[in-house]
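When you get a sec, could you build the whole thing from the sequences and use the hints?
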Amino acid sequence: MTGAARDAALDRARSLIRPADLPADARTDEGFLDLLGNRDAPRPTAAQHAMNSRFVAAIYERAWRPVATAALGVGGLSGTRERARAADDLALGGEQRVLDVACGPGNFTRYFGSRLTGDGIAVGFDISRPMLGQAARRNRSGHAAYVRGDARRLPFEDGTFDAVCCYAALYLVPEPLTVVDELIRVLAPGGRIAVMTSVDRGCEPVASVLSTVAGTLGVRMFDRDTLPAIFAAAGLTEVRQQFHGLAQFLSATRPPLDGPS
1 MTGAARDAAL
11 DRARSLIRPA
21 DLPADARTDE
31 GFLDLLGNRD
41 APRPTAAQHA
51 MNSRFVAAIY
61 ERAWRPVATA
71 ALGVGGLSGT
81 RERARAADDL
91 ALGGEQRVLD
101 VACGPGNFTR
111 YFGSRLTGDG
121 IAVGFDISRP
131 MLGQAARRNR
141 SGHAAYVRGD
151 ARRLPFEDGT
161 FDAVCCYAAL
171 YLVPEPLTVV
181 DELIRVLAPG
191 GRIAVMTSVD
201 RGCEPVASVL
211 STVAGTLGVR
221 MFDRDTLPAI
231 FAAAGLTEVR
241 QQFHGLAQFL
251 SATRPPLDGP
261 S
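Quick note, the sequence shown lines up with residues 1 to 261 if you use the UniProt record's numbering.
Bear in mind the hints are in silico, worked out from the structure with no lab data behind them. Glycine is no exception: its CB is placed at the ideal position from the N, C-alpha and C atoms. One or more of the hints may lead you astray.
Derived DEER-like restraints, expressed as beta-carbon distance ranges [to be verified]: (1) Asp225 with Ala8: 42 to 48 Å; (2) Gln241 with Asp158: 21 to 27 Å; (3) Val239 with Ala5: 17 to 23 Å; (4) Asp225 with Gly93: 39 to 45 Å; (5) Val239 with Asp158: 17 to 23 Å; (6) Asp21 with Gly94: 24 to 30 Å.
The following block contains the structure:
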């Protein structure tokens, strides 16, 4: 893949940013579009501190994430199968616009981009500069580009994306339900959303111990009803929820706009 193709993908990602959210001095010299400049990511918990560590960014995909997903009980689902599952739930293909929130080092984002054609673009979005540095070095492509910003206020107009994904991140971020509202806001009519996050399934003794440990690290455990209720209240349809250990996989559709009568 040529540098020109990667630069063109970054330009397409930049064109999706709301003008009011695009600083005149936004930087791209590290291979991603940085909307935050010198603003640091919040690090109030041990988990959030780790996500903004250069060391964790360097080992994330080969060591950190496998351990974390195993703790959630999804260790039998490989990264390859997770990416394929997300892409299938999002019904990816063609010239879609795809948003991958809390993309980390970009493995999902690049895979999503590989399912696209033409001017299709997968935008990886994260607040961690070290994670995006890894993404820009390893996972840029002609259909995958990266933006640094705060997911609590996504810098995109309503309905910008045909598909929106957030895997293995909501349990780490500040104000996760605000982030969920933003994911839904930027989803276009007819578009698909896919989320994987934690779930507190209650009575199992091991689950109870793991939930307690997670809380001390700053990892949130969601109950099984919260996210489906938010999806339904937002008017999303075809809401599907599956459990795998202490993880839940959710997907849904924003109904298409009514056609002319």
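Task: Contradicted hints - numbers only - done: 3 and 4
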